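Peer 1: Listed here are the chains, written in short residue letters.
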Amino acid sequence: MSEKEKTDQELEVVDLEAEEETEEKAAEEKNVLIEFKKVCKKYSQGEHEFYALKDASLTISEGEMVVILGPSGAGKSTLLNLLGGMDSATSGEIWFDGNDLTTYSDNQLTQYRAQNVGVVFQFYNLIPTLTAYENVALMKDIKNDTMDPKEALSAVGLADHMHQFPSQMSGGEQQRTSIARAIAKNPKLLLCDEPTGALDTGTGKEVLKLLQEMSRSKGRTVVMVTHNSFFADVADTVIRVKNGGIQSVVHNDKPKDAEEINW
Amino acid sequence: MWRDLRKNKTQFISIFLMSLLGMLVFVGLDSESAGAGHAADVYYAQYNLCDIWISGAGFSDDDIRTAKKIKGVADVEKRLSLTGTAEDFNDAYVYANFLTSGNINRLLLYDGVPYQEGEEGVWLEEWFARTNNIHVGDPFSFKIDSMKFEMTVKGIIDSPEYVYYVSEENTMYPNYSKCALVFLSADSFPDQVNMIYNQLVVDVDDAYTSDASVDAIKGRLEAAFDREDIAVTDRDQNLSFATFDAEVKQHQAMGIMFAAVFLAIALLGIVTTMARVTAGQRTQIGTLKALGFSKATITLHYVSYGFVISALGCIAGAWIGYLTMPPWILGMFKGNYLIPDLKGAMTTKDIVATAVAIIISTLVSFFACRKELKDVPAVTLKPPAPKKVRHSAIEKSRLWLKLDFSTQWNLRDVFRNKMRSMMGILGVVGCAMLLICGFGCFDSIGGLVDKMYGELMTARNKIMLSADAGYDYAYDLAASYRGQMIEETSVELISKTAKKSGSATIIDKGNYVHIQDRDLKPVHLTRDGIAMTMKMANMLGVDVGDFIKWHKVGDDEWQYTRVSQIYRDPSIQGITMYRSVYEQMEFDFHPTAVLTNRSVPASLTDEDEVTSVLNVQEMKRAFSEQLEILNAMVYVMVLAAVLLGVVVLYNLGVLSFVEKTREVATLKVLGFKSQKIRGILQKQNIWLTVIGIALGLYAGWFMLYVLCTTVSDTLDMYPIISVPTYIYSIFGTFLVSIGVNFMFSGKVKTIDMVDALKGVE
Numbered sequence: 000m001s002e003k004e005k006t007d008q009e010l011e012v013v014d015l016e017a018e019e020e021t022e023e024k025a026a027e028e029k030n031v032l033i034e035f036k037k038v039c040k041k042y043s044q045g046e047h048e049f050y051a052l053k054d055a056s057l058t059i060s061e062g063e064m065v066v067i068l069g070p071s072g073a074g075k076s077t078l079l080n081l082l083g084g085m086d087s088a089t090s091g092e093i094w095f096d097g098n099d100l101t102t103y104s105d106n107q108l109t110q111y112r113a114q115n116v117g118v119v120f121q122f123y124n125l126i127p128t129l130t131a132y133e134n135v136a137l138m139k140d141i142k143n144d145t146m147d148p149k150e151a152l153s154a155v156g157l158a159d160h161m162h163q164f165p166s167q168m169s170g171g172e173q174q175r176t177s178i179a180r181a182i183a184k185n186p187k188l189l190l191c192d193e194p195t196g197a198l199d200t201g202t203g204k205e206v207l208k209l210l211q212e213m214s215r216s217k218g219r220t221v222v223m224v225t226h227n228s229f230f231a232d233v234a235d236t237v238i239r240v241k242n243g244g245i246q247s248v249v250h251n252d253k254p255k256d257a258e259e260i261n262w
Numbered sequence: 000m001w002r003d004l005r006k007n008k009t010q011f012i013s014i015f016l017m018s019l020l021g022m023l024v025f026v027g028l029d030s031e032s033a034g035a036g037h038a039a040d041v042y043y044a045q046y047n048l049c050d051i052w053i054s055g056a057g058f059s060d061d062d063i064r065t066a067k068k069i070k071g072v073a074d075v076e077k078r079l080s081l082t083g084t085a086e087d088f089n090d091a092y093v094y095a096n097f098l099t100s101g102n103i104n105r106l107l108l109y110d111g112v113p114y115q116e117g118e119e120g121v122w123l124e125e126w127f128a129r130t131n132n133i134h135v136g137d138p139f140s141f142k143i144d145s146m147k148f149e150m151t152v153k154g155i156i157d158s159p160e161y162v163y164y165v166s167e168e169n170t171m172y173p174n175y176s177k178c179a180l181v182f183l184s185a186d187s188f189p190d191q192v193n194m195i196y197n198q199l200v201v202d203v204d205d206a207y208t209s210d211a212s213v214d215a216i217k218g219r220l221e222a223a224f225d226r227e228d229i230a231v232t233d234r235d236q237n238l239s240f241a242t243f244d245a246e247v248k249q250h251q252a253m254g255i256m257f258a259a260v261f262l263a264i265a266l267l268g269i270v271t272t273m274a275r276v277t278a279g280q281r282t283q284i285g286t287l288k289a290l291g292f293s294k295a296t297i298t299l300h301y302v303s304y305g306f307v308i309s310a311l312g313c314i315a316g317a318w319i320g321y322l323t324m325p326p327w328i329l330g331m332f333k334g335n336y337l338i339p340d341l342k343g344a345m346t347t348k349d350i351v352a353t354a355v356a357i358i359i360s361t362l363v364s365f366f367a368c369r370k371e372l373k374d375v376p377a378v379t380l381k382p383p384a385p386k387k388v389r390h391s392a393i394e395k396s397r398l399w400l401k402l403d404f405s406t407q408w409n410l411r412d413v414f415r416n417k418m419r420s421m422m423g424i425l426g427v428v429g430c431a432m433l434l435i436c437g438f439g440c441f442d443s444i445g446g447l448v449d450k451m452y453g454e455l456m457t458a459r460n461k462i463m464l465s466a467d468a469g470y471d472y473a474y475d476l477a478a479s480y481r482g483q484m485i486e487e488t489s490v491e492l493i494s495k496t497a498k499k500s501g502s503a504t505i506i507d508k509g510n511y512v513h514i515q516d517r518d519l520k521p522v523h524l525t526r527d528g529i530a531m532t533m534k535m536a537n538m539l540g541v542d543v544g545d546f547i548k549w550h551k552v553g554d555d556e557w558q559y560t561r562v563s564q565i566y567r568d569p570s571i572q573g574i575t576m577y578r579s580v581y582e583q584m585e586f587d588f589h590p591t592a593v594l595t596n597r598s599v600p601a602s603l604t605d606e607d608e609v610t611s612v613l614n615v616q617e618m619k620r621a622f623s624e625q626l627e628i629l630n631a632m633v634y635v636m637v638l639a640a641v642l643l644g645v646v647v648l649y650n651l652g653v654l655s656f657v658e659k660t661r662e663v664a665t666l667k668v669l670g671f672k673s674q675k676i677r678g679i680l681q682k683q684n685i686w687l688t689v690i691g692i693a694l695g696l697y698a699g700w701f702m703l704y705v706l707c708t709t710v711s712d713t714l715d716m717y718p719i720i721s722v723p724t725y726i727y728s729i730f731g732t733f734l735v736s737i738g739v740n741f742m743f744s745g746k747v748k749t750i751d752m753v754d755a756l757k758g759v760e
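First to last, the sequence lines map onto chains V and F.
Each residue of the first sequence is one higher than the last, beginning at 0 in numbering that gives the first Met the number 0.
Each residue of the second sequence is one higher than the last, beginning at 0 in numbering that gives the first Met the number 0.
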């Protein structure tokens, strides 16, 4: 470890302690939606074993906009997978709305994903053979109280592009469709995996703004995974991950608007 | 490279298998038919098979001289051909030929002494001798009409003229252990009986053996004799030669057909797999190019997949085909065709075909991967642009909006991957077609037997009378068994365009013989002329109301009679008329059999006038048991059907599943249950299967129709497909299709959702 990194880490550790008090306060104010308790995720490749996540503990409150920051391979994707019920933890507890996901069966996890989680992918993952409208309407097949697809698409500003195929849309439009698909479920949790990763700055900003709106005006919990540290400024809470552990949790009292940041 | 092969092992294995199967069947059948054809040609040439037969009421040495003068004729020989029965061997049917020099149609000697003109004794066909345990030196007696021949076996032989023959009692299938072929010297004929040579065999000079030359010589012979009572026929009209020739040609055609299907599928497999491999390695190709590898080097790398896999498959297939198919099929030939040294022969055609198949496969893989290779590195390094999707016509209708997501998705997927969908349908079509055709063969043969012995001839027993039995004997027999007298005889028929030999059936009062019209509806035989079978009418080019010339074989005088009816008969082609019509032409009605429903005591055959009693049930059973070749063919078809279905659908399944992995992973993340996703995937498969089966049923019927109508001159078969056949075929195809798909949809569970989060590969 270089000298500078060492100092950084020490500084952040100080940060962490300094913030702990505020954190507790914040947690009292809002309902806790998610709580990780000493979560570990171990992968083994042949004889090789390593921890993608080790003793990670964190809480996320309802309506928060959370940004999980960290370099590649730090464990943020693992965190996201566990949050989204796409992967199971090796040990520890993951509480969501009063239930421990680690005790869930495959079917229960599927149900959990269907009912509670909306996912926005880095590469949009729209079904290429379905139009924007149909991609959103898909959600009707898995959940009862979904939004009207038109409404969801209007909410992301795509009312005019409803009947276009993904291949006929720009990257930003595709990502907005993906967001519309995610919110159409009325999920408690909106998970975003590098949502702007494949977009240019301008478009990325629009998408970010949209996500911020979802959190601010609609009161949704938005968890965004990114390696772009500029995004820290727009979040209510910033969780930094490194080497499979939670490095720091920082609360922004005054998050910036998406338009204000630059990268 | 090996890593790529392993990664796409199922596709490569299926390409390998398809190339292998294609070449296996092609080379197998081709080397088998070429080998069989060659063996026959050698046999015919070595034993001097005659080129032309002249049959007539009587020939003299003058006639031989006349024939020999004709240009192109190398040699002519007279002989007497008769039929009889061998009482000591279960009344076996006997073909007896009384020869002169015996230089034409020389006999192949297995044991004993060679044929010698003037030598007393009999030369007996090998199959009959072996199966009836007759050896050189044993006595052998038989009867021709009232003449009894008691002879000693001088030689065990085969004749190039008789590689295939059937008795008149069972014209459908040869049974050489119940039908004896004997040759004797003309001197063996009893002196007290006036001997008339009824056949001339003509050997054409080697320089004139082309079809056109033989036809010309036939014309010259007919002109030279200028007699109306002779029939000049060539090899193509000879039952033995023509049947074997047709069999060989049929196998060749079948080989080409099967090979075309399998190779087409292999090629489609190469196209889709290569496109996928190169598309999947787009970035890698770009990197290699950017690093400075030449286009040619990279192309060579990918083309080598297609080349190596298809070369391995084709060569292995050709080799296995050559080693296994000829012995297997020719082994089944043994009871059918009496040709020595039947073995497969690899021809240059096989080698060329193998090479061509490999070259085509290589070319196809070149074109398939060229698409990815032609772009400049900068473009190739980026992920590919998404495939274009357009709104199709059906989407404009209101109906579209009512469809659920899975239907919409599947419909678009089908239209977007037309090639893959087509292949899938094709695989199902092939599977259903072969099943229908295979099982349909059983139905059609069964239907034919039921028709012959259930609808057209309704008597339970057929008492066969010898030539000695007079009318009175037959009449008394018919009276005591409440039977119906019939006369069956051979005739020659001449129309304006053709001359054919066939059989005539003359029926007396009774209701055991029935006829059916062109549409297979029962009709009554009329009394204002003769009725002709449809197949015969087609061959002669005549219709109801036309007049034809005909006579009984051996008669000089020709009849000129109106054809009053066309009827269908599955196994015997010729004419049928009432006794009254026959007698109006001043023929004597001479019954050859009595049909009866009453049971007949076995002791009846002891009477001189009765040669045998045929029981319909036994005939039916014997007939079905003899269809060994057909059974084998059906098994091959069913096996090929299942194999074809499994390999094609498995290959496509892998392709489409790999393509959809990302979408499936996404659906899983979104919260779709694995079960539901499987249902969605299965849905498309069911559509394609249903379409494929619908087309396959029709294709199968057509294939069966072609098989039935081309099978032979004497058989008038029509395709019959029973309800169980439809059920088995549809069910079997579904089972294959759904089963294969199930293997893939099972993998939905194992797809890692995390894949969905990753970038495009």
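Bear in mind the hints are in silico, worked out from the structure with no lab data behind them.
Some clues are possibly wrong.
[To be verified] Pair by pair, the computed Cβ-Cβ distance ranges are:
1. F:421 <-> V:162: 34 to 42 Å
2. F:296 <-> V:99: 54 to 62 Å
3. F:749 <-> V:147: 34 to 42 Å
All figures in this text were calculated on a predicted structure; none of them were measured in a lab.
For each residue, glycine too, the CB sits at the ideal point set by N, CA and C.
Peer 1: Which numbered hints are broken by the structure, listed smallest first?
Peer 2: 1
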